[in-house]
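4 protein chains.
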Amino acid sequence: MSKVKVGVAGYGVIGNRLAAGVVAQDDMELVGVADVAPTLPVRALKERGMPFPLFAAVPGAEQGLEAAGIPVSGSFDDLLGEVDIMLDAAPGGIGAKNKVKYVAAGVKAVFQGGESGEVADVFFHGTVNYEKGLGVDYLKLTSCNTTGLIRAVHAVHASVGVVKTFITIIRRVADPGDTHRGLTNVLEVEPIPNHQAVDLMSIMPDIDATGMLIHTPVTHGHIITLSVTPKQKISVEAALEAFGNYPRIKVVKISEGFNSNSSLFQWARYMEYPRADMFEIGLWEEMVGHSGDDLLFAINIPQESVTIPETIDAVRAAMEMHATGAEAVAATDGFLGI
Amino acid sequence: MSKVKVGVAGYGVIGNRLAAGVVAQDDMELVGVADVAPTLPVRALKERGMPFPLFAAVPGAEQGLEAAGIPVSGSFDDLLGEVDIMLDAAPGGIGAKNKVKYVAAGVKAVFQGGESGEVADVFFHGTVNYEKGLGVDYLKLTSCNTTGLIRAVHAVHASVGVVKTFITIIRRVADPGDTHRGLTNVLEVEPIPNHQAVDLMSIMPDIDATGMLIHTPVTHGHIITLSVTPKQKISVEAALEAFGNYPRIKVVKISEGFNSNSSLFQWARYMEYPRADMFEIGLWEEMVGHSGDDLLFAINIPQESVTIPETIDAVRAAMEMHATGAEAVAATDGFLGI
Amino acid sequence: MSKVKVGVAGYGVIGNRLAAGVVAQDDMELVGVADVAPTLPVRALKERGMPFPLFAAVPGAEQGLEAAGIPVSGSFDDLLGEVDIMLDAAPGGIGAKNKVKYVAAGVKAVFQGGESGEVADVFFHGTVNYEKGLGVDYLKLTSCNTTGLIRAVHAVHASVGVVKTFITIIRRVADPGDTHRGLTNVLEVEPIPNHQAVDLMSIMPDIDATGMLIHTPVTHGHIITLSVTPKQKISVEAALEAFGNYPRIKVVKISEGFNSNSSLFQWARYMEYPRADMFEIGLWEEMVGHSGDDLLFAINIPQESVTIPETIDAVRAAMEMHATGAEAVAATDGFLGI
Amino acid sequence: MSKVKVGVAGYGVIGNRLAAGVVAQDDMELVGVADVAPTLPVRALKERGMPFPLFAAVPGAEQGLEAAGIPVSGSFDDLLGEVDIMLDAAPGGIGAKNKVKYVAAGVKAVFQGGESGEVADVFFHGTVNYEKGLGVDYLKLTSCNTTGLIRAVHAVHASVGVVKTFITIIRRVADPGDTHRGLTNVLEVEPIPNHQAVDLMSIMPDIDATGMLIHTPVTHGHIITLSVTPKQKISVEAALEAFGNYPRIKVVKISEGFNSNSSLFQWARYMEYPRADMFEIGLWEEMVGHSGDDLLFAINIPQESVTIPETIDAVRAAMEMHATGAEAVAATDGFLGI
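Chains as they are written, first to last, in the numbering used here: chain A, 1 to 338; chain B, 1 to 338; chain C, 1 to 338; chain D, 1 to 338.
The hints are simulated quantities; they were obtained by calculation from the structure and are not laboratory data. The reader is advised that the hints may include incorrect statements.
[What the hints assert, rightly or not] Derived DSS-like pairs: lysine-lysine, alpha-carbon spacing no greater than 30 Å straight-line: (1) K233/A to K132/B; (2) K231/D to K253/A; (3) K132/B to K101/B; (4) K164/C to K231/D; (5) K46/B to K99/C.
The structure displayed is predicted, hence computed values, not measured ones.
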């Protein structure tokens, strides 16, 4: 079978991880990536010897790139001419503009959670609604928090059914190295309703989800606490088994040293994972418990990399590479080494 | 009526606020405070002209204090000889040792939440169980988080009854200026059960409380999110009315600029409150909502000053200054200007 | 003598402190302050009972203010009609627009450091070039860092002369409560030359000043380290004497508990200074030393309040209230209680 | 030639990087590492399939390790029986105790900067005094800050000679994931003299070095600003050439995106360096300048990994693998891919 030809628009925090994720898939070929300026990730690509080609994301961008010594392999249209599907990780709002070009070029596309919902035909999550994405041209992922959240809630839902959930998102406010946004010594609050809870309901419409969000001045992962009202009570042991068997959830123990969001980042460093990236959400064994019949637990969301597997699942769905989500997820995870 | 004579042991973060709080009460007299070393608060006391006397908290401490130019008015025993009741804000564990002296001197005492439960006959909260403290010799306050938490939960409980509650404490990890502890770019988690929830149940035993706690690298107030299962559903409007009428709760609006824990600290600065202290917990109007019939809300705990009112209530109970909690709380708050 | 009538434009971080500073001056009268919206400081003014009147800083602003329950006493023109001089603490760039109105109304004005240099006839610093401001209509202060820096460098200059200085500004990146800017887990650098060093030279043109600036994720004060090349070597003792005798410098000891920028903020809280404001820069005794003949030392800049005294000095200069800077500074500081 | 057999004591932040560094050297063999408990790095070693064996660092430690499922290959004495030289990265103070065992076993050792000076015969820095370490049994490295600092100062010294230097260390206070220490919203100062400056003089005794140190709440690298008084003035261009030609210094541009300490950490991630480690110090091109004839510049110290190259150089010196430092450094860096 010939490989599916994939391009990536935007080579930033998400785009550079999508590119690496596609490279790891034996049944996909990364045709190239597109960006507009010689940012640090682009410069690192050059320093690494251009393992895959770079295209100018907008007309004229090649000038600034080449002035910085970055080889440019062609225009955005050139890239679109060679691919089956684009993974769009351009800044929010640009994806909608890019979509016009994708439609014109007859290529499919997968958008990230920051893009507005209208760009896509389906709001997609690999382990929950893969089948909805089958053969669809334009898919949109959920955001990093929602993607991880859905994994954990769906693990319970698939086991005993979920009626409602209350979540508190303790949000990391910036990524490492980010100097364009940040908070200093502040916990910032937001009014309810919370968009991550709303987005969860768009993927799992039979669940009543409500959330609160507090921004915190850290960079290594969001933490979410959850109270889940199940259709029938589930024991801690059964819940841990459900979480442990669910894809892309790593059950960890505080007693073994996983005592923070940063401990999971450090784990990725000690494991020598590229870019210190985790694809799994962390779930703390010692924080699983009950409030009445409600199941309580807490998860960690590695914001830079958590959506990579589900995005690759989306390629599999859009290109109809597998009939079921289970097969798609297994393929994605196998190649990613999860 | 003669004033109740009060002493304070430990003139640190809590002790210096207790002293100021007692000074503000027209029906109490601050006999003096005791400490062991010329710390910044002690030096500031001197710089302010010794508005009340300082005693050496342990034998020999007068030497270091006087070497630093701080006038010392006598020994700890001298202080105990002049007071009716001591407010013990010594570091955790010291209070238990001090209690031996209190018993020997025949003085009553109120301990802070950091002290072990055995030092006290009653675990006390001014607005909930004032009557239990009436005439009792040794009372212990709840911790800062628990004190504020109980106010908010009790507001609902007094209105419609509370069955259970799930809380997530997003804890500030250090006070301003603290260089002895701290976290840097970390959200640190803890196993459940959470001691604040356990402590809440010791004051309100008919409520099932479970909690999670995440330490965050900030200094200006804890934030707690709560899901409260009421005995009968309560509307947002009714809940806001209950909160607004409850003592020591300040309902604030994000839309008016109260968008963080620090905004409440700033409010105290703009109001020119001494030491930028708030005695009320903040409660965000736009974060009150529902998950099914459960009531959701979020509060802010000003950790340095929140327990001051309830500690002064404890003096009123121990000294039998008022028959009811309502009268005691009204007196305390009137003098504090809340 | 009749009091000088002063108005304040902008009631934010600086403006609310300027207003309080003017209120404290027995020979000045605060006619009122102007702002555009019901911000937290404006709401606190209302809550405090409007100790001085508020004016609408732009036409129409009274609507939003009054909708928030804030009494408005008139228009900006009304305010200008009653004052001798305006202290302009409007956001950067607005001051230049306001100046047109000041000129039209025939009132003098003092601008803050964030405003562009062209608005003013003189770049002013109370303790260094007071005489240059005598009778001048439009004065501009230096920024918070530069204002504090000049005090310390001038203390040495007035004693033994200064040839050159190299400064490293370790800048606090946001004020407490600020959610509009911030850094998280980053030390951000800037290219040289550094504008604070350039500004220092505009006030003290015979000194060669070069600087570096690193932004740090904290809120309680900038720290600046300095290497000063004197015209003749000065001993540590002589330097400490010069610093101790200079206005608005507080020499502090690490060994006494002043071990951080935040310790000075805490000192202001323990001293019960309004808003926890310090007017003095801190200078650490144990950090004064030598590199060859160069004098080394480090200072702390309380960014929210440090420019208040020099701004009030500027009123004294512009209104020719005193013939010399020494008299003006003594008057300002006496009323401020420094 | 047979490979030099190396062991590592302590598999923590430094030890796990030393182990990886030794593995990368074709002329060395990592016999194994020793630790006392199943920490995260040790658990990751297991998860990675034990690429090299682990020994129990103290008698009995094997029990806790094996209970955690970590295979243990023997005792510390077993490890010492197989190696030529040990790299001691045990916590400060343990190295001195370990030295008794090294002497008894007749193995050489290299200690890290945290160990007291008495454990070693020579205070070592690969690019400055390699020859002093030739054939020596017990060497001690400088600390992370000093190691990086010496590279930069020596680059100037080797070019035009250095008379004196004044440094300001803006210190990251904790490593990523560290919950045992940290600062929150504080810049903490220290009295002079500064130990890093003193240590620099112990390696380069003809230079007068003085320093100040400010602890900052960040994790991704120290920043040091320097003023260096050269024997003869050196231009910015010549200085940049000297820095660029010196081993283990990476000259970077703010204009290319290297605008912070974290940007260098991010660079390592984008380059997919294992554990996101940099071995070079960063030096900002746009921050090189002059104060009179003094040369000014600023460097970034990647605290977790900066000492790895010099430690491996120390093995080369102690084992007399190369006659000159230049050869040793070239070999180390070649294998490390610097």
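Taking the hints in turn, this is what the structure says about them:
{"no.": "1", "hint": "K233/A to K132/B", "in the structure": "violated (38 Å)"}
{"no.": "2", "hint": "K231/D to K253/A", "in the structure": "violated (58 Å)"}
{"no.": "3", "hint": "K132/B to K101/B", "in the structure": "holds (24 Å)"}
{"no.": "4", "hint": "K164/C to K231/D", "in the structure": "holds (18 Å)"}
{"no.": "5", "hint": "K46/B to K99/C", "in the structure": "violated (46 Å)"}
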